[in-house]
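Chemist: Sequence:
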Amino acid sequence: MNVADVIANLKSAQHGSRRLDGQIAQLLGWQLQIVDDPSRPKGKRYLWTVPNEQNDAVVPSYTTNLTAAYELAQKVVPSNVGGFAWKDGAFQAQIGLNTPVATAATPAIAICIAALQHLAVEAD
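Each residue of the sequence shown is one higher than the one before, starting from 1 at the first, in full-length UniProt numbering.
Honestly, I wouldn't trust all of these hints.
[Unchecked claim] Label-pair ranges, simulated between beta-carbon atoms:
| id | residue 1 | residue 2 | range |
| --- | --- | --- | --- |
| 1 | Thr-103 | Lys-75 | 16 to 24 angstroms |
| 2 | Glu-53 | Leu-97 | 30 to 38 angstroms |
| 3 | Leu-97 | Asp-37 | 43 to 51 angstroms |
Quick caveat, the hints were computed from the structure, so don't treat them as lab data. Positions of the beta carbon are idealized from the N, C-alpha and C atoms, including for glycine.
Construct the entire structure; sequences and hints are all you get.
Modeler: In structure tokens, the structure reads:
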């Protein structure tokens, strides 16, 4: 999945989810391993490996936690300023002056979109 696909998924989401968090994590280099585990309800266990490390870890809740969304923005675009606003149930975020305003259903998702728009520009 590429950056544009993840941004499209975020824009259409009505709320954050672990599936969306995983999509963002994969863009950042996290690796997903699926191993058989009969003790789990679906018989599988999902293990995430942190980039540049061998340890399993929990993917941050980027799409449901404002702190995690902010940390994502700081990781992707550490030297830019950003802003966040809301009106009539819509949430908007922008990071830097040369990217479009991101609009989403939740504050955390708006921040995630704003951060990932920078990755999309770098990928082009």
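Chemist: Can you list which hints this structure breaks, lowest number first?
Modeler: none
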